[in-house]
Each structure stands twice: as structure tokens, then as C-alpha cells.
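Make a model of the complete structure from these sequences and hints.
Just so you know, the protein sequences line up as chains A and B, in that order.
Every letter in the first sequence is one number past the one before it in the working numbering, and letter 113, counting from 1, is 113.
Every letter in the second sequence is one number past the one before it in the working numbering, and letter 37, counting from 1, is 37.
FYI, nobody ran anything at the bench for these hints, they're computed from the structure.
There is no bait here: all hints are sound.
One copy or any two copies: either way a pair holds, since identical chains are not told apart in the list.
With a straight-line Cα cutoff of 16 Å, these simulated EDC-like cross-link-like pairs (lysine to aspartate or glutamate) come out: (1) Lys198 <-> Asp124; (2) Lys186 <-> Asp161; (3) Lys198 <-> Glu149; (4) Lys198 <-> Asp158; (5) Lys196 <-> Asp124; (6) Lys196 <-> Asp158; (7) Lys196 <-> Glu149; (8) Lys186 <-> Asp158; (9) Lys198 <-> Asp167; (10) Lys196 <-> Asp161; (11) Lys83 <-> Asp58.
Note that the structure is a prediction, hence the values are computed from the model and not measured.
Number of protein chains: 2
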Amino acid sequence: MEKGLLFVISGPAGTGKGTVIKHLLETGEFFYSVSATTRAPRPGEEHGVNYYFISREDFEAGIAAGDMLEHAEYVGNLYGTPKSAVEDALAEGKNVILEIETKGALQIREKMPQAILILILAPDIQTLEARLSGRGTESADIVAKRMSEARREVTLLDKYDYVVINDDGKSEKAAQDIRTIAEAEKMRAFRNAHLKQKFI
Amino acid sequence: MEKGLLFVISGPAGTGKGTVIKHLLETGEFFYSVSATTRAPRPGEEHGVNYYFISREDFEAGIAAGDMLEHAEYVGNLYGTPKSAVEDALAEGKNVILEIETKGALQIREKMPQAILILILAPDIQTLEARLSGRGTESADIVAKRMSEARREVTLLDKYDYVVINDDGKSEKAAQDIRTIAEAEKMRAFRNAHLKQKFI
Numbered sequence: 001m002e003k004g005l006l007f008v009i010s011g012p013a014g015t016g017k018g019t020v021i022k023h024l025l026e027t028g029e030f031f032y033s034v035s036a037t038t039r040a041p042r043p044g045e046e047h048g049v050n051y052y053f054i055s056r057e058d059f060e061a062g063i064a065a066g067d068m069l070e071h072a073e074y075v076g077n078l079y080g081t082p083k084s085a086v087e088d089a090l091a092e093g094k095n096v097i098l099e100i101e102t103k104g105a106l107q108i109r110e111k112m113p114q115a116i117l118i119l120i121l122a123p124d125i126q127t128l129e130a131r132l133s134g135r136g137t138e139s140a141d142i143v144a145k146r147m148s149e150a151r152r153e154v155t156l157l158d159k160y161d162y163v164v165i166n167d168d169g170k171s172e173k174a175a176q177d178i179r180t181i182a183e184a185e186k187m188r189a190f191r192n193a194h195l196k197q198k199f200i
Numbered sequence: 001m002e003k004g005l006l007f008v009i010s011g012p013a014g015t016g017k018g019t020v021i022k023h024l025l026e027t028g029e030f031f032y033s034v035s036a037t038t039r040a041p042r043p044g045e046e047h048g049v050n051y052y053f054i055s056r057e058d059f060e061a062g063i064a065a066g067d068m069l070e071h072a073e074y075v076g077n078l079y080g081t082p083k084s085a086v087e088d089a090l091a092e093g094k095n096v097i098l099e100i101e102t103k104g105a106l107q108i109r110e111k112m113p114q115a116i117l118i119l120i121l122a123p124d125i126q127t128l129e130a131r132l133s134g135r136g137t138e139s140a141d142i143v144a145k146r147m148s149e150a151r152r153e154v155t156l157l158d159k160y161d162y163v164v165i166n167d168d169g170k171s172e173k174a175a176q177d178i179r180t181i182a183e184a185e186k187m188r189a190f191r192n193a194h195l196k197q198k199f200i
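Rendered as C-alpha cells:
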């Protein structure tokens, strides 16, 4: 069976990457790989759906065994991407999506060089700021912090394979762009070396 | 203005690459760059349409000046791709197509690393042989020679960026595949480094 493709999607807060990914999952062409965490489940969260909720001991054993594609610690809890779940889905021919911040994305690139790294951006920083302020749910301090984080993330653009612009209200277009990338990537020569066998 | 993309298309005889390219040129999204040659024009051939017909002296001066992206000699005549024509078209934002055999394609990769190399193949060697024999215009010797040439070309698959399969009677599908590749390539991060300026 043809192996699936691994997509790692990053992007500053306010670029609407969650909505773009939602479109991709709806059609069943993409599979979302669930992360693992040591934090306790919140009400309504389910094991294997929102996260794999595991103990710190098991998480650390996973890191030691090389079964975390990437991991990071936030506010005293570990979060990471279990390798086996990703590899199983790829082996089944599924296109896998991981939504990961830039640092984790670059960790994955090292462990799985064939991963396709996509950075989702707003058209420009003014649009991004308008979106973040417009939410009205965050203080000016938080908005300023996110803007500075966005600036840092954009400097990592060259480490990514593709940039997809999510224009306001056009998340379906951005999702379509990612489908186009998936189609083109399937034709990449290095993924089709098996064709040589058909010409002997 | 956004620069155009340079596509270098190769493929064994019998893969129908001429028909695929014809589809791409029809819609005006792609521009075919005319080659230069030292051979004399045949009846009906026009300078600047079929070839740039130039003297051996001018051709060799062009090579010495680095104005040939690639060149080769066949049956006592020189054939090559003038760099300036390609660069002018790219600067005008046109997507340029060059149809070049594998050796010339790899010469271009060295001179223009951003070129996109596409190898067009039949689904397998049986299909290719059936096509070549089916033409009925070539002797068994010529067919055998072309088949051996095809085998050699396929071993160079890894040097290409993409492989496009041209299934019998589906050249419009293969053309569409190349349009998909063009769309995806426009989103490649290294072609969008200018976006960083919009996030400062």
C-alpha cells in the first residue's frame, strides 16, 4: 500500500489554522494524530480523542525509548507526539496532520525528514493584529505578546517547505491549497522511486 | 512582479510529453521557450518560432559567454537553450516550459537551481513498448534502441523533482498534474521569503 504523507502545520495565533485543519478533516482525506500529555483531563475531555492522558513516568519512558516525535513542557506538564500512532496511520496510507508550534515542527523534521512542513500565515501583520485584537477576549498585553511571538515564528519561514496564506474568511481556500500541496507531493520523484522497478 | 517558474520536462520517446505540453500551452499559463540551433531551417520553419536559427560562430560565442543553459551536438549541428530568452520570460512572470532530454535537464539544474524538473513516464515499460511498436512507423531496431534509452532515462528519476505518469489517452490528466505542481511550487517557502517583510 502507498504510504500516507505527514503534514506538520504551524502558524501564529490568529492565523485561523484550527479552522483550516477542520476543513481538511471533514472530507476524510486527512487524519489528525492525537497528542499525549501528562496533564489531567478537563471535564468532557476523552482519552484518545482530545489527548492520550498518560502518567509522567510513562511519558518519560516514551521519550527515552524514542517514541516521542517531539515534546515540550508547559506549565509543569509534558505534551508530545507519539511516534507509533503517526507511523501506524502513515502505514495505513492515511495523510496525517500534526498541529505543532515551530520548535516542535523542527524537531519532527529531524526525526522524519519526509515530513511536509507548512506554515500558515495571515496576509500581513496588520491583518493578524486586527484579528487578535478583534477577538476582544485578550488583554492588550496578551495581544502584544502574541504579535511578538508571530514575528519570531515568521523568521523561521525558510525552515518550512510551504507557506499558505489564510486570508480572512477564506479558510476553505487555504484548505484547498493544502490539498493541492498533498497532490503535488505525491508526485515527488523521491516518493516514486518504486516506479524504476516497472521499467526494468 | 512575481517571477514565473521554470519547468524542465523530460521523458522517454512514446510517453506523449509533446501532447501534454500542448495542453499546457493552450491555456496561456505556460510559455514555451524556443531553442537555438545551427542547422538550416527546413521548409516552413520560422526563425523565433520553431528555432532561433543562428550561425555556429554565434552559437559558440553564446556558449563562451555563458548564454546557453544547456547545449548538445547532434549529427553535426548544435542545439541549445538561450538563457536570456528564458530569463526574460521568467522576469515577466511567465511560467516557462523547456522540453529537454535528461542530460540537458541536469545541465539546467546546475545553472538554475530553482528549475523544476519533471520526468514524464508511461505507467510501465510494457505500455511504453506497446506505444512505440504500435506507431508502426519505426523498425524493430529503432524500437529496441528507444526502449534501452527509456530504461537509462528512468534510472535518472532521483535527479528529478517530480514524476508525472501519462496514462494512455489521459494526457489532459497529466497536464492537470503539472498545473497542480505549479500551484504547489508557488507556495514553496523559499519562493516566498519576501513575506517576512510583511511581518516586521
